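With chain A fixed as given, assemble chain B onto it according to the hints.
Going down the list, the protein sequences come from chains A and B. If you use this note's numbering, the first sequence corresponds to residues 2 to 201, in order. If you use this note's numbering, the second sequence corresponds to residues 47 to 629, in order.
Keep in mind that a hint or two might mislead.
Subject to a maximum C-alpha distance of 27 Å in a straight line, what follows is the list of computed DSS-like cross-link-like pairs (lysine-lysine) [unchecked claim]:
1. Lys181/B x Lys173/A
2. Lys57/A x Lys606/B
3. Lys88/A x Lys270/B
4. Lys129/B x Lys140/A
5. Lys441/B x Lys88/A
Honestly, the hints are just simulated from the structure, not real lab data. As the structure is a prediction and not an experimental result, all values here were calculated from the model.
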Amino acid sequence: MILTEKQRDSLTELINIAFHRTTASLSELTGNRILLDPPKIDIVPIEEISEKLGEKLNKEIATVHQIFTGPVSGDALLLMDYNGAIKLASLVSGEDIELDYFSLSLREVLMEMGNILLNACLGVFGNLLEMHISFSVPKLHLEELDSLLDTLTIVNEELKYALIAFTKFRVKDSAIDGYLVIILGVASLEKLIEALERLG
Amino acid sequence: MENFLTGILYWLSNFIPLGIFITDRSFNIVFWNSWMEKNTNLKGQDVLNRNIFELFPELNRIKRYYEEVLQGNSVILSQRFHKYTIAIKIDDRQFSYMQQTTQIFPFSINNEIEGTITVIEDVTERVKREEEYKKQIRALRTLNEVQRSILSIDIDKCLEEIVVGSLKLSGANTSIIYLKKNEHLELVKCNCARKEIINLEDKTCVPAYALMQDRPVYISNIKKTEFKCLNPNAVSILALPLGNDRKKLGVLVLESVKEDAFDKDDIINLETLALQGSIALENANLFESLKESEDRYRILTEQSQVGVFLIQEDKIIYANPKLLELSGYSLEEMLKISDFSIFVHEEDMERFTKNYIDLAQGNIDLAREEFHCVRKNGTSLYLEFFVVRTIYNGKPALLGTVLDITDRKRLEEELRNLSITDPLTGLYNRRGFITLAEHSMELARRAGKKILIMFMDLDNMKWINDTLGHNIGDQALQETAEVLRGTFRKNDLIARIGGDEFVFLGLCDDEEAKDVILSRLNKLIEEHNKKDNRSFYISLSIGHIIHNPQEPVPLEDLLKEADKLMYEDKKRKKLEGNFKIRI
Chain A
2 MILTEKQRDS
12 LTELINIAFH
22 RTTASLSELT
32 GNRILLDPPK
42 IDIVPIEEIS
52 EKLGEKLNKE
62 IATVHQIFTG
72 PVSGDALLLM
82 DYNGAIKLAS
92 LVSGEDIELD
102 YFSLSLREVL
112 MEMGNILLNA
122 CLGVFGNLLE
132 MHISFSVPKL
142 HLEELDSLLD
152 TLTIVNEELK
162 YALIAFTKFR
172 VKDSAIDGYL
182 VIILGVASLE
192 KLIEALERLG
Chain B
47 MENFLTGILY
57 WLSNFIPLGI
67 FITDRSFNIV
77 FWNSWMEKNT
87 NLKGQDVLNR
97 NIFELFPELN
107 RIKRYYEEVL
117 QGNSVILSQR
127 FHKYTIAIKI
137 DDRQFSYMQQ
147 TTQIFPFSIN
157 NEIEGTITVI
167 EDVTERVKRE
177 EEYKKQIRAL
187 RTLNEVQRSI
197 LSIDIDKCLE
207 EIVVGSLKLS
217 GANTSIIYLK
227 KNEHLELVKC
237 NCARKEIINL
247 EDKTCVPAYA
257 LMQDRPVYIS
267 NIKKTEFKCL
277 NPNAVSILAL
287 PLGNDRKKLG
297 VLVLESVKED
307 AFDKDDIINL
317 ETLALQGSIA
327 LENANLFESL
337 KESEDRYRIL
347 TEQSQVGVFL
357 IQEDKIIYAN
367 PKLLELSGYS
377 LEEMLKISDF
387 SIFVHEEDME
397 RFTKNYIDLA
407 QGNIDLAREE
417 FHCVRKNGTS
427 LYLEFFVVRT
437 IYNGKPALLG
447 TVLDITDRKR
457 LEEELRNLSI
467 TDPLTGLYNR
477 RGFITLAEHS
487 MELARRAGKK
497 ILIMFMDLDN
507 MKWINDTLGH
517 NIGDQALQET
527 AEVLRGTFRK
537 NDLIARIGGD
547 EFVFLGLCDD
557 EEAKDVILSR
567 LNKLIEEHNK
577 KDNRSFYISL
587 SIGHIIHNPQ
597 EPVPLEDLLK
607 EADKLMYEDK
617 KRKKLEGNFK
627 IRI
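If we strip away everything but chain A, and leave its shape as in the complex, we get (with noise of 0.2 Å):
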């Protein structure tokens, strides 16, 4: 356990209020009412990851993707199923066919999605931090979990952590299970568990 009750409480409840900032953005964006389930907070060492997103999801994956910088820095992703995320992207974009494939439109739609949900998320760190951080422009990667857990996981320079949040995307009486994933070097997370007692 690396987050105490009140800790991961806080934790949630922040990234709840990024989820809130999210839906709104997403809803007048996209035209439709998207609603994001409260997250499902943990904060895992990195070898255990490939575990932990294994629960929920395939093979598959489609992820959106952004490096952060700053005096944090670190990864943010946005992991879906392959097909979730089609159903995702196409329910958002008014698709009035089912397709099995990845069409470039969707795949932009997907990363728009992501950015907007990422980047959200890591300006409440900022804030809690007070601090400034820079972020990529997203990428999207289609591969399988483990080749993505492997090209985060190759560089090991210091312990890494990932903060995980599992949530469901509600468009149109479907949900879609998707996990945020933020990873952070120990200095980092000792900064933002710092951060967070302060707040409690």
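Here is chain B on its own, set in the frame of chain A:
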């Protein structure tokens, strides 16, 4: 270093097929590349130091994004939601403005944000291609639905399907079916409340004219012609005759309030629909007439575009000319046949036999099935059968209709192709691989051969993508696919099953075959890497196993095993420092 940067800047300014402009923190333009010049007709010297929100008022709707960028955010604006960033008028039937996907990110120097960079991609053609593909799928689905209802015996339902289908296919406002009654065309079905009777001789009326000409007639703006229309709001009118060479049944008419509302593809799809509709109507008429005299029934079946047969006591006692044409047998031959399995392809035999027995014994009263069939000359075709139990001359009989669905099957096959192959490399994708691998393994088992499975991973894909960009990354994947195609035999399975993962499955006799293949692969990779002007080397980490299908193991397990060996290979290469990737 300086030369290198100058080179890049020169390329960004003049050659990159993207619009790029850079602003300072006050959003005044400091860089404007030639793509922007060409597409906005604004020269660099005229826009430098001008404020982008004043120069392009349309940017005000995304001003908040620009403000976020100054805070360190990077944003992507997809075409789907924003259509475009800078309004550039284009000469296109579908879009008035160039469709764009845009990235905006901070312009940083020494970790200080000095301004913003905007990169605009013209995605108009791509969006049109995607729309085109979706339209084809939509049309195919609609045509399929209509075809399914073709064997319906209810005329009214048939007419309804044609009207609904034609509206879906064309986006027209009104769809009307007129049927020929004596010397008139009478409106029998429409998606609105109208009652009309048209004189068949009236040449100024589009439906009557189309029937006279016996071809589709398209008027893109009726106001500019001599034709008249009973609907004063209609501007574009398309009339498609229903019926066949021998008999004209009526006309399907689509009206739109827009000028030139139907394009070439719409018309082709609607013609197909009209053809299917004609068959459906004829078929429905046929069943109606069953209630009437047998003579009339016989005349109609003789003319039908649908194959019709009657079976009693395991003998065909009637077959119409269309059925003879489809099967390739003469009537004499047909009447002698007592083993119907000669019509059916081996792969569907079991299903066919079960259906026939169920019908013949009265376990079921009707059946509707598709079968892979064989003509007398051995060529194959796909037929849809609709068979009902009936009474003929006081004894039980089976009355059936047969429809040729070979074309539909072919289209479906094409669509399937889309999803078992990987569009980037043309190799099979994961789904295609799994589907076909089972088949190959069965083949190997029967032939008493072994199976070689190789799991290959393109080394340093991440480096290529990150350093050289995704376009080069895609190129690396395509080149790898090309090398693999050159290495393996035509009957081997090669697939790209993940981002940079390839897998090979082929039949082989022994361990030696594996060595031959490996050395051939290495040789081809080496040759490929020797080619001029390369920015990266291709290098594969490979895990291979030889499997004896006589001792079955699930395919997934075999792949996992090969995958594991591949990782070991990759690890070994890294340890040995044997990673040859960049030039």
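Each hint tested on the structure:
no. : hint                : in the structure
1   : Lys181/B x Lys173/A : holds, 23 Å
2   : Lys57/A x Lys606/B  : holds, 20 Å
3   : Lys88/A x Lys270/B  : violated, 46 Å
4   : Lys129/B x Lys140/A : holds, 20 Å
5   : Lys441/B x Lys88/A  : violated, 55 Å
Against the hints set out earlier in the document, violations occur for numbers 3 and 5.
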